[in-house]
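Visitor: One letter stands for each residue in the lines below.
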Amino acid sequence: AAGVIQSPRHLIKEKRETATLKCYPIPRHDTVYWYQQGPGQDPQFLISFYEKMQSDKGSIPDRFSAQQFSDYHSELNMSSLELGDSALYFCASSLSVQGLGELFFGEGSRLTVL
Amino acid sequence: GDSVTQMEGPVTLSEEAFLTINCTYTATGYPSLFWYVQYPGEGLQLLLKATKADDKGSNKGFEATYRKETTSFHLEKGSVQVSDSAVYFCALSDRVNFGNEKLTFGTGTRLTIIP
Numbered sequence: 019a020a021g022v023i024q025s026p027r028h029l030i031k032e033k034r035e036t037a038t039l040k041c042y043p044i045p046r047h048d049t050v051y052w053y054q055q056g057p058g059q060d061p062q063f064l065i066s067f068y069e070k071m072q073s074d075k076g077s078i079p080d081r082f083s084a085q086q087f088s089d090y091h092s093e094l095n096m097s098s099l100e101l102g103d104s105a106l107y108f109c110a111s112s113l114s115v116q117g118l119g120e121l122f123f124g125e126g127s128r129l130t131v132l
Numbered sequence: 334g335d336s337v338t339q340m341e342g343p344v345t346l347s348e349e350a351f352l353t354i355n356c357t358y359t360a361t362g363y364p365s366l367f368w369y370v371q372y373p374g375e376g377l378q379l380l381l382k383a384t385k386a387d388d389k390g391s392n393k394g395f396e397a398t399y400r401k402e403t404t405s406f407h408l409e410k411g412s413v414q415v416s417d418s419a420v421y422f423c424a425l426s427d428r429v430n431f432g433n434e435k436l437t438f439g440t441g442t443r444l445t446i447i448p
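Same order as they appear, the protein sequences are chains A and B. Under this note's numbering, the first sequence has 125 at position 107, and the numbering climbs by one with no breaks. Under this note's numbering, the second sequence has 437 at position 104, and the numbering climbs by one with no breaks.
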């Protein structure tokens, strides 16, 4: 079965650079979520999109932005990178009509800021 | 706001031992409850879930019962294996509106099983 695809899997950037992460949800899923997981931490919710509109916003820095495109894939753009942005970034998708709150996660994109 | 309090780790057990990882929650509505597992270097995988009070979720020998009276969702397994070594996250989803089912996670419990 198709799963959530994230790219790139690994990314190394310098401070103050920009990074873009991509997420391809499970086909027919209408909601995408982004999470950030620091070393040894629990995943923290950043932002979500339902039917290409932002549906909720969590602890996402102003330097970050995200959007969901017409084909439902999503991109997380991170600018002016800081050392503290080094983390594992997860994308998850769900089919909202199910109403069960079950999210399917990708394998994550590991960002290292030097 | 919603929160999940999870038993702190790390937890180290011998193979075939009984496992309990405690999880309690605070939510304003009627959340769905989940246990996710994260193996080293991998993403989060749904282990089991329960969507209403008294539901029991089960998978791969793991069980958890949604207890509304104690606001708990403790994870149990009767006989653990080395392959169960991973980080376990308790989570809730308190659906606020359509298309918004974000999960709130506990801090995770690292489980190590020794042969």
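A few of these clues could be false.
[Said to hold, decoys possible] For the chain B half of the interface with chain A, some residues (derived, Cβ under 7 Å), not all of them:
(1) GLY376
(2) LYS393
(3) GLY394
(4) GLU396
(5) THR398
(6) PHE438
(7) ILE447
[What the hints assert, rightly or not] Here are some chain B residues the structure puts well away from chain A; computed CB gaps all over 10 Å:
(8) TYR399
(9) THR440
(10) ILE446
Simulated from the structure, these hints should not be mistaken for lab results. For clarity, every value in this text was computed on a predicted model and none was experimentally measured. Ideal Cβ placement from N, Cα and C applies to all residues, glycine included.
Visitor: For the hint on GLY376/B, does the least C-beta distance to chain A fall short of 7 Å?
Guide: holds, 4 Å
Visitor: Do the numbers back the hint for ILE447/B, that is, is its least Cβ distance to chain A under 7 Å?
Guide: violated, 21 Å
Visitor: Given THR398/B as an interface hint, is its Cβ closer than 7 Å to any Cβ of chain A?
Guide: violated, 17 Å
Visitor: When the nearest CB of chain A is found for GLU396/B, is that gap smaller than 7 Å?
Guide: violated, 18 Å
Visitor: When the nearest CB of chain A is found for GLY394/B, is that gap smaller than 7 Å?
Guide: violated, 20 Å
Visitor: Holds or violated: the hint that LYS393/B contacts chain A, with Cβ atoms closer than 7 Å.
Guide: Result: violated, 17 Å to nearest chain A Cβ.
Visitor: Does PHE438/B meet its interface restraint, that is, does its C-beta lie within less than 7 Å of any C-beta in chain A?
Guide: holds, 4 Å
Visitor: When you look at the beta carbon of THR440/B, is every beta carbon of chain A farther off than 10 Å?
Guide: violated, 5 Å
Visitor: Would the least Cβ to Cβ distance between ILE446/B and chain A come out above 10 Å?
Guide: holds, 20 Å
Visitor: Examine each Cβ of chain A, and state whether all of them lie more than 10 Å from the Cβ of TYR399/B.
Guide: Non-interface label stands for TYR399/B: nearest chain A Cβ at 13 Å, farther than 10 Å.
The structure shown violates the earlier hints numbered 2, 3, 4, 5, 7, 9.
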